[in-house]
Amino acid sequence: MSVSYKPVIWNRTKLIYDAVLLAGIVLYILLYLNVGPQISTALQEVDPPIRRMRAFGSLALLLLTFVLAIGPLARLDTRFMPLLYNRRHFGVITAVVAATHAAYVLAWYFAYSPTPQMTALFTSNTSFGSIAGFPFEIFGILALLILGILAVTSHDFWLSFLSPPLWKGIHMSIYAAYAAVVLHVALGALASRRDMTLALLTLGGLALLCTLHLVTGRRERVADAEGSPVDPDDGWIVVGDVAEIAEGRAILGAGPGGERIAVFRSNGALSAFSNVCSHQNGPIGEGKVVRGLVTCPWHGYQYRLEDGCSPPPFRERIRKYRVRLAGTTVLVDPDPLPLGTRLEPLPIPAAPARQGTA
Amino acid sequence: MQRRHRRAHAAIWTGLAVVLPLAVAIIFTTLPKPAPDAPAVRLDAAPAAEGQP
Ligand code: FES
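If you read the protein sequences in the order shown, they are chains A and B.
Counted from 1, the first sequence has number 316 at position 316 by UniProt numbering; the numbering is strictly sequential.
Counted from 1, the second sequence has number 4 at position 4 by UniProt numbering; the numbering is strictly sequential.
Isolated chain A (complex conformation) (with noise of 0.2 Å):
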């Protein structure tokens, strides 16, 4: 959570994280570089520095479409949520996959350019009223570029700083970045040469993270059209059955408007809270309540049962909302309590006893 900004608050799961990505970065690189010759007459007919190029290009097209296909994967099943924790570190390495490959192509195409190599890179193709032969150099360039600012700017500090809405803006030029590495693939590699498996790498990832992203698009969409049935006397929204809510755990309702509430169980009472995380809109109703805080499940941010706010140091809230057991129906105002109101969980009453039998 956010109240000074270190670099990077390290802990056991993030280094996890890191070590087991840049694993699988090292050992791409050498199976492509050591491998890839072997198994592929055209690795082999082409110098090394070109083999290079190839293996950083195709493993940041790789990384990208990876990283693109964490969310709409977590949403569709929780067991690629720990995916999610850290998914900023893997944009960063992405990104820096993606310049090393530039820096590659800039060192071998245009190692002897009698122009600077920025002006050479720029001025070598302006073929711009052709289709197939468009320089695709530019997507490349604008595809880093976004790349590099979505990386620079990943840290906390621009997420407070920039006001989460614009970040989430900003952050969301990631799919202008993937459209234009797919067209700087298909007009750059996949016109000039037959490669079947970067083709497939491109094609194939496209249509798994379009399915992905629509998939789990079309089921929020119903999610939210379904709403949840609406008390006539009072207007408040009929959330689900007590007995649905696991100790820990939320079930969800949606406002009118769609905005989803998450009704927490903990310690044999209910707390209301708006579904979204102050820190990057995460799905709060899908965490859990660890040690009396309801808990993010995206990263880890965390909010006090009785008021929505983060425990001291930190400063994040997230709207209440007043919660009322009709039996054991759990129904929710849906107008929110103002940030950081304070509202003691809802008791939820004992079962009555079993009478017993003479």
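Heads up, a few of these hints could be off.
[Said to hold, decoys possible] Which chain A residues face chain B? A few, computed with CB under 8 Å, are given here:
hint, residue
1, M172
2, G258
3, N281
4, E286
[Unchecked claim] Covered stretches of chain A, as calculated for chain B (at least 3 residues, CB under 8 Å):
hint, segment
5, 101-107
6, 175-184
7, 219-225
[As the list claims (entries may be wrong)] SDA-like cross-link-like pairs, simulated, lysine to any residue; straight-line CA separation at most 25 Å:
hint, chain 1, residue 1, chain 2, residue 2
8, B, K33, A, Q38
9, B, K33, A, E137
10, B, K33, A, T126
11, A, K168, B, I12
12, A, K14, A, R193
13, A, K14, A, P313
14, A, K14, A, H155
15, A, K288, A, R317
16, B, K33, A, G133
17, B, K33, A, R193
No wet-lab data here; the hints were simulated from the structure.
Even glycine gets a Cβ: it sits at the ideal position worked out from N, Cα and C.
Using the hints provided, position chain B with the ligand relative to the given structure of chain A.
For chain B with the ligand alone, kept in the frame of chain A given last:
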């Protein structure tokens, strides 16, 4: 907020799912093809195992 965000996501991915495959298809159909009278033996092809023809 989450809802608006979800809507934006859905619109973006619908757009990408239509535009990118179309763009790739157009790129491939406009790739220059060798002239019908181009020689069968290309200079950039791998040399035959026996050496010079
Ligand atoms: S902790 Fe990052 S979104 Fe909740």
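So, going through the hints one by one against the coordinates:
Annotation: interface hint on M172 of chain A holds; nearest CB of chain B at approximately 7 Å, less than 8 Å. Interface restraint check: G258 of chain A against chain B, minimum CB-CB distance 5 Å, threshold 8 Å, status holds. Given the 8 Å rule on beta carbons, the hint for N281 of chain A holds: about 5 Å separates it from the nearest Cβ of chain B. Using the Cβ-Cβ criterion of 8 Å, the hint placing E286 of chain A at the interface with chain B is not satisfied: the shortest such distance is roughly 12 Å.
Remark: the segment 101-107 of chain A is not confirmed as covered by chain B, as 0 of its residues place a Cβ nearer than 8 Å to a Cβ of that chain, below the required three. For the segment 175-184 of chain A, the proposed coverage by chain B is satisfied: 5 residues have a C-beta within less than 8 Å of a C-beta in that chain, meeting the threshold of three. With 3 residues carrying a beta carbon less than 8 Å from a beta carbon of chain B, the segment 219-225 of chain A meets the three-residue requirement, and the given coverage holds. For the given pair, K33 of chain B sits about 30 Å from Q38 of chain A by alpha-carbon distance, which is inconsistent with the 25 Å threshold.
Taking the CA atoms of K33 of chain B and E137 of chain A, the gap is near 22 Å; set against the 25 Å cutoff, the hint holds. About 21 Å separates the Cα atoms of K33 of chain B and T126 of chain A, which keeps this hinted pair within 25 Å; it holds. Note on K168 of chain A and I12 of chain B: the hinted pairing holds, with a Cα-Cα distance of about 14 Å set against a maximum of 25 Å. For the proposed pair K14 of chain A and R193 of chain A, the alpha carbon gap of about 39 Å is over 25 Å, so the pair is violated.
With a CA separation close to 22 Å, the supplied pair K14 of chain A and P313 of chain A stays within the 25 Å bound. Only pairs whose Cα atoms come within 25 Å are accepted, and K14 of chain A paired with H155 of chain A is accepted, the gap being roughly 14 Å. The hinted pair formed by K288 of chain A and R317 of chain A meets the criterion: a straight-line CA distance of about 17 Å does not exceed 25 Å. Between K33 of chain B and G133 of chain A the CA atoms are separated by roughly 13 Å; this keeps the pair inside 25 Å, and the hint holds.
Of the supplied pair hints, the one linking K33 of chain B and R193 of chain A holds, its CA atoms being roughly 13 Å apart against a limit of 25 Å.
Hint compliance for this structure: hints 4, 5, 8, 12 are not met, and every other hint is.
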